[in-house]
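Here are the chains, one letter per residue:
Number of protein chains: 2
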Amino acid sequence: MQKFEVTILGCSSATPTSKRNPSAQLLNIADRYFLIDCGEGTQMQLRRYKIKFQRIGHILISHLHGDHYYGLMGLLSSMHLLGRSADLHLYGPAPLKEIIDLQYKYSETRLHYNLIFHPLQNDKPTLIFEDEKLSVHTIILNHRIACTGFLFREKDKSRKITEVLPMYSYAYCSDTCFDERVIEQVKEVDLLYHEATFMDDMENRAKETYHSTTKQAATVAARANVKKLMIGHYSARYSKLEPLLLEAKMVFSNTVLAIEGEKYRIDT
Amino acid sequence: MQKFEVTILGCSSATPTSKRNPSAQLLNIADRYFLIDCGEGTQMQLRRYKIKFQRIGHILISHLHGDHYYGLMGLLSSMHLLGRSADLHLYGPAPLKEIIDLQYKYSETRLHYNLIFHPLQNDKPTLIFEDEKLSVHTIILNHRIACTGFLFREKDKSRKITEVLPMYSYAYCSDTCFDERVIEQVKEVDLLYHEATFMDDMENRAKETYHSTTKQAATVAARANVKKLMIGHYSARYSKLEPLLLEAKMVFSNTVLAIEGEKYRIDT
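First to last, the protein sequences are chains A and B.
My numbering numbers the first residue of the first sequence as 790 and each following residue consecutively.
My numbering numbers the first residue of the second sequence as 790 and each following residue consecutively.
Hints are computed from structural coordinates only; laboratory data are not their basis.
Do not rely on the hints blindly, as some may be mistaken.
As a list, the in silico DSS-like pairs of lysine-lysine whose alpha-carbon atoms are at most 25 Å apart [stated by the list, open to error]:
no.: 1; chain 1: B; residue 1: Lys808; chain 2: A; residue 2: Lys1052
no.: 2; chain 1: A; residue 1: Lys894; chain 2: B; residue 2: Lys913
no.: 3; chain 1: A; residue 1: Lys976; chain 2: A; residue 2: Lys1029
no.: 4; chain 1: B; residue 1: Lys808; chain 2: B; residue 2: Lys1016
no.: 5; chain 1: A; residue 1: Lys839; chain 2: B; residue 2: Lys1029
no.: 6; chain 1: A; residue 1: Lys996; chain 2: B; residue 2: Lys839
no.: 7; chain 1: B; residue 1: Lys1052; chain 2: A; residue 2: Lys808
no.: 8; chain 1: A; residue 1: Lys886; chain 2: B; residue 2: Lys841
no.: 9; chain 1: B; residue 1: Lys839; chain 2: A; residue 2: Lys808
no.: 10; chain 1: B; residue 1: Lys808; chain 2: A; residue 2: Lys839
no.: 11; chain 1: A; residue 1: Lys1029; chain 2: B; residue 2: Lys841
no.: 12; chain 1: A; residue 1: Lys808; chain 2: B; residue 2: Lys808
no.: 13; chain 1: A; residue 1: Lys913; chain 2: A; residue 2: Lys841
From just these sequences and the hints, can you work out the full model?
Shown next as structure tokens:
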């Protein structure tokens, strides 16, 4: 079995708490490391969970709200200071390049490694990475500003011919309001990460802020017929998370909570 | 006695470690809160040490190397999301404004409070803040890019006439190579914070990178005839800090280490 597992580095929404960090996940597929979003403190979280961050080959940024990318400059700089020479591929909204370049201009920094930037389109799902083991497509989400999710799929040729051939898939959807069009894009994935910023009684607030409730996340999971749902991006107002889990389970029973430091295998 | 104390929030140099965060200090003078530098994770450190960050009225950024300001956007954003309405004064190199504005443009954020930006000059020491209790001047440092320290002085009229009148002062000097001109600017302060990135055997490396050694920091303290020296901004290569302290003490005995979470009273 090749690896296909995700480690949660941050699961809070915009305001971090003393216990929860902003969004970041480390996906390991067949020893390829993808960092998905990079909230403030991600480099510290990588250290805390003893993940060798120079092994990250690809960083994907869903959108330009700070809780999803304010840790990026620090991580890129530490990679540089610690002697990285390997290429690093960065995927994100086009203005991200301008934001990085401006800061490195004034710090007079010239990275020792190649930072290869891939601007994301936001009009239709697009193939953004492919090799012999897997493919990555964007997922078009519905948020206050342009926001893309990411869909990772193993390829059948990545398995030995004698093996049973489960081609696992993982979809990352944060941040988004409830939108029928998301359902189509995550049909039958093995693991769906979907934001659940609010509980059901705050559906109006969710709508106003282009976020989702627990039940909306679970509805997407149920209607897309996914195998398992992971919720996260919790509002700072919730100190205990069990009530969010219980609500989601009322709609889709195979739901788990994203918990920092936990590693989730896609095949279980 | 009015308060005059500094809490260390971060004491590492450019690369944070699992135990040390990048530069940030909270100075409380007569219940005025000044945040000096704001490395990545500063808002989490403020929470950890239970400092009410909405009470911060002034943020001072010494220079535009990331380990001194990558936590700023996150802190400004959290202040906004948590409903701040009070003015916030920000002091830093002129391009900092451009960096902030660019990021808020793309996140489509309009702060609910007034962020009043004061660009710092880097050619001569300048008065940047004054009220009935204290004054703040810049200190011109010598680093790879423009970098200013900060000198806080109590005023005599802040004390009752019947009191003995110790007008305490605190100087913050990070980052800088050893430079005679710094000595003049910090003469006889009560507490001098001076960076000591390297130990004495790395004097060449210190020079190349425009940083200081333990002994150089202590030499500044001795020649400026300060009361006490605090060293910090330690290179990630040093897991134990006692050897740095011992070296500094060989030159200036009244030296202490900056340790995260510790609170230092200026008058003791």
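query = Does the structure keep Lys808 (chain B) and Lys1016 (chain B) at a Cα separation of 25 Å or less?
reply = The hint is violated at about 29 Å.
query = Between Lys1052 (chain B) and Lys808 (chain A), is the straight-line Cα distance small enough, at 25 Å or below?
reply = Holds. Lys1052 (chain B) to Lys808 (chain A) sits at ~23 Å (cutoff 25 Å).
ask   = Would the pair Lys976 (chain A) and Lys1029 (chain A) pass a check requiring their Cα atoms to be no farther apart than 25 Å?
value = The given pair, whose Cα atoms are some 30 Å apart, is violated under the 25 Å limit.
ask   = Keeping to a limit of 25 Å between CA atoms, is the pair of Lys839 (chain A) and Lys1029 (chain B) held or broken?
value = 20 Å, holds
inquiry  = For a C-alpha distance cap of 25 Å, please report whether Lys894 (chain A) and Lys913 (chain B) respect it.
reply    = Holds, at about 24 Å.
query = CA of Lys996 (chain A) to CA of Lys839 (chain B), is that 25 Å or under?
reply = Answer violated: Lys996 (chain A) to Lys839 (chain B) is near 33 Å, above 25 Å.
message = Holds or violated: Lys808 (chain B) and Lys839 (chain A), Cα atoms, limit 25 Å.
response = This hinted pair holds, its Cα atoms lying about 13 Å apart.
Holds or violated: Lys886 (chain A) to Lys841 (chain B), with C-alpha atoms at most 25 Å apart = Between Lys886 (chain A) and Lys841 (chain B) the Cα gap is close to 34 Å, so the pair fails against 25 Å, i.e. violated.
inquiry  = Next pair to validate is Lys1029 (chain A) with Lys841 (chain B); report whether the Cα-Cα distance is within 25 Å.
reply    = Satisfied, since the Cα-Cα distance of roughly 23 Å is no more than 25 Å.
query = Holds or violated: are the alpha carbons of Lys808 (chain B) and Lys1052 (chain A) at most 25 Å from each other?
reply = 23 Å, holds
query = Lys808 (chain A) and Lys808 (chain B): Cα distance at most 25 Å?
reply = 17 Å, holds
query = Holds or violated: are the alpha carbons of Lys913 (chain A) and Lys841 (chain A) at most 25 Å from each other?
reply = 33 Å, violated
Checked against the numbered hints given earlier, the structure breaks hints 3, 4, 6, 8, 13 and satisfies all the rest.
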